[in-house]
Amino acid sequence: MTAYLDNSATTRPSTAVRELIRELSESGWYNPSALYKPSMEIQKRMEGVRKTCLKAAGAEEYRLIFTSGGTESDNLALLGHMKTRRTPGEVLISSVEHPAVSACAEELRRMGHRVTEIPACPDGTVDLERLEKMMGKETAMISLMQVNNETGAVEPLEAVSELRRRLCPEAAIHVDGVQGFLRVPIRLKKLGIQSYAFSAHKIHGMKGTGALMLAQRHPVKPLIFGGGQEGNLRSGTENTFGILALGKAVEDWREGDSERIRELKIRLWEKLKKQIPDAQVNGPAPAEGAPHILNVALEPVRSQTMLFALEGDGIYVSAGSACASRKQKISPVLKAMGVSPARADCSLRFSLSRETTEEEIDYTAERAAFHYGMLKKYVRR
Amino acid sequence: MQDLLLVRYGEIFLKGLNRPYFIRALVRKIRYAVRGMGAEVWVHDGRIFVRGFSDLDECISRVTKVFGVHSVSPAVEMPKEDFDEICNQAIEMVKDLKGTFKVNARRSDKRYPLNSPAINEEAGYRILNANPDLKVDVHNPDYLVNIEIRDMAYLYVKEIPAFGGMPVGTNGNATLLLSGGIDSPVAGWMIAKRGVQINAVHFHSYPYTSDRAKEKVLDLARKLSFSCCGIKVHVVPFTEIQMQIHEKCPDEYTTLIMRRYMMRIAERIARETESEALVTGESIGQVASQTMTALGTTDAVVQMPVFRPLIGFDKSEIIAIARKIGTLEISEQPFEDCCTVFTPRHPATHPKMDKILEGESHLDEEALIQRALEGTEVIRV
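Protein chains in written order, with the numbering used here: chain C, 43 to 423; chain W, 140 to 520.
The following block holds chain W by itself, in its conformation from the complex (with noise of 0.2 Å):
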């Protein structure tokens, strides 16, 4: 008898002769999930399969972060011939449980002397004997009672959900701008969820920002990384940029003016990595430079596509998955970020964009872009 963690993927499902490939990319995943705790991960009848692992627990909070997993079964695999001990089992993996239950077999083992509403019958009325708590509903029953009889028997009971998706790496890349606020790692996390492999960019304005503003973002993309299967921060210094505007341009227009900075600069980084799209955690109409105005010109400056996942996201929607995702907590830390260092008392919420064109046209765009990407720092992690 083994433990072992039954995976389910989800939207694979909906791939046609490409199948293959998609669950060659997430049994990959789930390796790099689970490495360092002895763990085997193997494909079987169209499954897949982890065992060997020390602890039951740490494997199912590693494997359901996965994207591309739908759920996981923690189950049992034994010898199909005693039947008894069959029985046994199943009434062990019951034994806590109150409510209404179903045995589901299968039987793909044709020559096996039971067939599956046999096995149904014999197994539910032990455990119905075993367990006074349970009663039998075969409609809607509140669980379900999984027995498998292949080349061995499976047993399973509880189904644990996970984040769903696809496996990261296998719908390109994407460039992050992730500042340290609860919008944009949420935003990360939906895209790379979607298997995409994410990049993050982050502009820091030392001394305006801390070295603790910098941590903060790192441990926002730790946070980020394992799901991610890893994220390249590019840490852009922003003062100078920052001053020049706040210097040279109209004061209601700074925050745009530096928000196409921004873009500018992420979309370079974005196209040495190889990016095909930019994302930002920007949801219509929640501060200034959100309008969808304000939005407007800050594409224009940038010919990828900007992929903005919380664009109809309320802020309590937003709240609600950081925590899920345990990103809410580090975003909370009280530490400032480069973008209200200068925000102004009136920022412009309908701009017009001959007046930010005027603006731009005091700075040297060029070789404030060039000196910026030259002192950028790439930390993995």
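If we strip away everything but chain C, and leave its shape as in the complex, we get (with noise of 0.2 Å):
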């Protein structure tokens, strides 16, 4: 038997997607920008998927920019709206972002504007209060995660927005909503937010395809200069089959998927508990926070050692998060949120999907709690 719990990394692209994508590279390869019937049909039905992803996200009447994936879209969402404020302004990024953001960080001081990290709660979503102290009238733009990829944590953009309104009605929020488009609701017009990013092989799409949501009025200037695509504010021929496959995967997102990931997700929690008592977990309870990410910390069992004895048993879960796990450090997000490095050093982060079974979760809570019995015997003193 195999489990994949590794879906906040990516996703296995959906049997409609797969058809899907065979259907266009035997009859629908055409470039949509031509000028001939079929090149005419595949941008008619890219203009649908923008209206889908756009009515997912309560933001009918907003833009849509097709990207290369997640990263991008943040990356045109940051430097691409600082690129059009002629005076240096302040951007507040939150201490637990991706490095898509955080690593933008650079770029915005070289471009001479300030940047400041909002500092985080314990169960990982920012500290409203002192988020509070810090905008004013200087501030720019603030940059939250929807969902940590991390620990799951729901960030309160509800509570953000109000905040904007009140103290900052000038600045921007970007909101990187990679793990949380659809697994979510959010509702970016009655949110208030000027910009929205997410990928497509986090929801079963296809790998190379994101898009960056923006608010009718929000000013961006391009990163990537060409043919003029996307409202001249993405060059280069769309990624067809990856844009109509995101189309697809969205379409396929049913109500109540997210409730029944959270009882899985919440039935892993429960069955590792029981098993390994001193199991805890690492941001909001499992009942709370995103649906699909349980991030779990089994000391003293290093996460790397109980990933590689999972890995034996074909179970595939990850240490931290996929993107930073080769850079074999102690995740900054489990920092910034004050787990001590010990702890860090132990966590593992299991993320489901529609695609998980009951099955999955018991195999998986069944042989975790074995190696842990072995593990937890062998470790260094």
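Treat the hints as calculated values from the structure; they're not laboratory data.
Using N, Cα and C, we set each Cβ at its ideal position, and we do this for glycine too.
Incorrect hints may appear among the rest.
Said to hold, decoys possible - Dumping the calculated BS3-like pairs for lysine-lysine here, alpha-carbon to alpha-carbon at most 30 Å:
#: 1; chain 1: C; residue 1: K232; chain 2: C; residue 2: K179
#: 2; chain 1: C; residue 1: K419; chain 2: W; residue 2: K204
#: 3; chain 1: C; residue 1: K419; chain 2: W; residue 2: K353
#: 4; chain 1: C; residue 1: K93; chain 2: C; residue 2: K263
#: 5; chain 1: W; residue 1: K219; chain 2: W; residue 2: K234
#: 6; chain 1: W; residue 1: K219; chain 2: W; residue 2: K274
#: 7; chain 1: C; residue 1: K315; chain 2: C; residue 2: K418
#: 8; chain 1: W; residue 1: K274; chain 2: W; residue 2: K204
#: 9; chain 1: C; residue 1: K97; chain 2: C; residue 2: K125
#: 10; chain 1: W; residue 1: K353; chain 2: C; residue 2: K249
#: 11; chain 1: W; residue 1: K494; chain 2: C; residue 2: K418
#: 12; chain 1: W; residue 1: K353; chain 2: W; residue 2: K454
#: 13; chain 1: C; residue 1: K418; chain 2: W; residue 2: K353
#: 14; chain 1: W; residue 1: K332; chain 2: W; residue 2: K219
#: 15; chain 1: C; residue 1: K97; chain 2: C; residue 2: K231
#: 16; chain 1: C; residue 1: K249; chain 2: C; residue 2: K179
#: 17; chain 1: W; residue 1: K387; chain 2: C; residue 2: K418
#: 18; chain 1: W; residue 1: K274; chain 2: C; residue 2: K419
#: 19; chain 1: W; residue 1: K494; chain 2: C; residue 2: K419
What the hints assert, rightly or not - Label-pair restraints from in silico Cβ distances:
#: 20; chain 1: W; residue 1: N227; chain 2: C; residue 2: N73; range: 53 to 59 Å
#: 21; chain 1: C; residue 1: K263; chain 2: W; residue 2: D196; range: 41 to 47 Å
#: 22; chain 1: C; residue 1: E68; chain 2: W; residue 2: D194; range: 38 to 44 Å
To be verified - To spell it out: a stretch of chain W is covered by chain C in this simulated footprint if at least three of its residues, at any positions, have a beta carbon under 8 Å from a beta carbon of chain C; those stretches are:
#: 23; region: 358 to 370
#: 24; region: 382 to 395
Dock chain one against chain two, each of which comes alone in its own frame, and use the hints as you go.
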């Protein structure tokens, strides 16, 4: 038996997506910018995807720019918007951001802007009291993630939006929705969010596809220049396969999927806790937070050791976030939340998807408990 | 006219009556190195030539990595009758050079109308006229323009240094204890350079070390494999031994006892593979298990000589060699090795033999070693 529980790293393209890709590679491969009929057909379908995505985020009146993925969308949102500002401003970035956002800080500083980190609470969300003190006339932009990729913590976007309205109505809010899109409902217009980034391969679409939603009059300058596609904001022939697959993935998402995933997450946690009384959750309680991410510390067994042991049983999980785990550092996210280095070093991330089954959950909990029983005896003294 | 590569050998010159044996071995190794390039390797007048290759740079890169080769020169072979042609070719070969030069003619065909000093004079005069950036310096020239008149004329200017050493296999076999670190691949390379065929033993502690760690070691072996003419890597399962040591032996001695087990197992594999010595990457005092006392206790468990070519090297010197031979960037990948999994906080630096023996008395040595050997996987790279 195998169990893939690293869906925050990537998900398996759904059956419908795989079929669509086959169909497109046979007959739907035309360049959408050309003038003949098959191209126009693709163009039309692409516009349909745009609408579908915007609707799913409560942002019907927004613009949507297709990009190569979450990282590019975040870059375009932060750097592209700050490029439109003539005077230096302050950008507030939460301390638990994905590198796609946090690594932009240096570039923003080079552009002459100030970047300040918003401290995190122990549950992994931004510290609202401190944020309130940081907001002011200078604030040009606030960047937050909808769902933290390592802990599943859901940021209090409504409260942040309210603070902005009150303290710095000129500032823009950017939300990195890579881990949240569809799994945690969002209404961009209602919240008053200016930009929202997400990625297709986290929701059973294809890698290399993402998008950035932009409020109607929210100004952004391009980072990539060329043929002027995507309203001149993202040149380059559109990744039509990926874009149409994204549309399919969004259409496939059913109401109730999130709740079913959450039930499985709670089941996993309860089974783990029952067999490993020392297990601790990092971040929000399993019943709260995002439905699909469970970050657990299994002290004293190092996450790397447990990860390899589970791999031997065909169970794939992650130690920290997969993007960062090659770097072999203690997760900065857990550090920002005040988790001790020893505990962070024993922390595993289980991330579920719509395709996860009860059998996989039970098998994973059983194998983890089995390995824990043995491995906890053999740890560095 | 034809491009060829003139290959000089180094220490084989010192050999007496068995020199032909070494030259034959070297030719075999060069043939192995250029296989697939359509090249031909032959010995003429006590020198080795390679010709018929498709890509000169690739051929140079391969031949200079063959142990036993001192240096190579790209040369041109042409008819000797037309001296004007020879001079024109010499001019062509130095046309991009700046500095000082000297023509160095040799005439083994004594019927040739011009003698060596006359060739020097005439060719030198024409080169000087053709290239204003060059001056003559007969005592200490930057470039030596060699013109040899044999059954054909041979011209060469550049001399590209190679690794030197002796042809692999002319000095027997040795077994290398190969980890994923920086030192052991360098140690193996240095011993192989002396004409020794290397076998490698790697200790794998799944799930404490991952398949990636194992793949890293195989990558290191692959890197060495070209110069070493193929390496067999024996991957020994080591988890059980490490767990037992961890459980039953005094903390400060666990590393040393582990090292002793590694040596015992490596020696068994060495005997099976007809090796005459063990090779390790240790250097005095680098870590606790490499103090002189500690090295003495690991030597005590084996009967065959243990070579430690890095014994007097500083880390920076080892890193410099690792960079030169291309293993450094592989060694720097951050996958944990079995050696560091259970490292005690305070390992013994002046170990007492009686304490080691007391610790080891709790282990069923023969059974542990047998099981490890039975599980050993041999991978040829």
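Please verify whether W:K353 and C:K249 have alpha carbons no more than 30 Å apart. Distance of about 28 Å is within 30 Å: holds.
Restraint status (C-alpha distance of C:K419 to W:K204 at most 30 Å): The given pair, whose Cα atoms are some 48 Å apart, is violated under the 30 Å limit.
Taking only the CA atoms, is the gap from C:K93 to C:K263 under or equal to 30 Å? 22 Å, holds
CB of C:K263 to CB of W:D196, is that within 41 to 47 Å? Once the Cβ atoms are compared, 45 Å apart, the range 41 to 47 Å for W:D196 and C:K263 holds.
Tell me if the straight-line CA distance from W:K494 to C:K419 falls inside 30 Å. 23 Å, holds
Are at least 3 residues of the region 358 to 370 of chain W within less than 8 Å of chain C when you compare beta carbons? Answer violated; 0 residues pass the 8 Å Cβ test.
Satisfaction of hint between W:K234 and W:K219, Cα-Cα up to 30 Å: 21 Å, holds
Taking only the CA atoms, is the gap from C:K232 to C:K179 under or equal to 30 Å? Within the cut-off at roughly 23 Å; holds.
Range agreement (Cβ of W:D194 with Cβ of C:E68, hint 38 to 44 Å): 40 Å, holds
Just to be careful, I want the Cα atoms of C:K315 and C:K418 compared with a cutoff of 30 Å; is the pair within it? 15 Å, holds
Given pair status - W:K274, W:K219, alpha carbons within 30 Å: OK: W:K219 and W:K274 at ~26 Å, within 30 Å.
Between W:K274 and C:K419, is the straight-line Cα distance small enough, at 30 Å or below? 76 Å, violated
Hints 2, 8, 14, 16, 18, 23, counting from the list given before, are not met by this structure.
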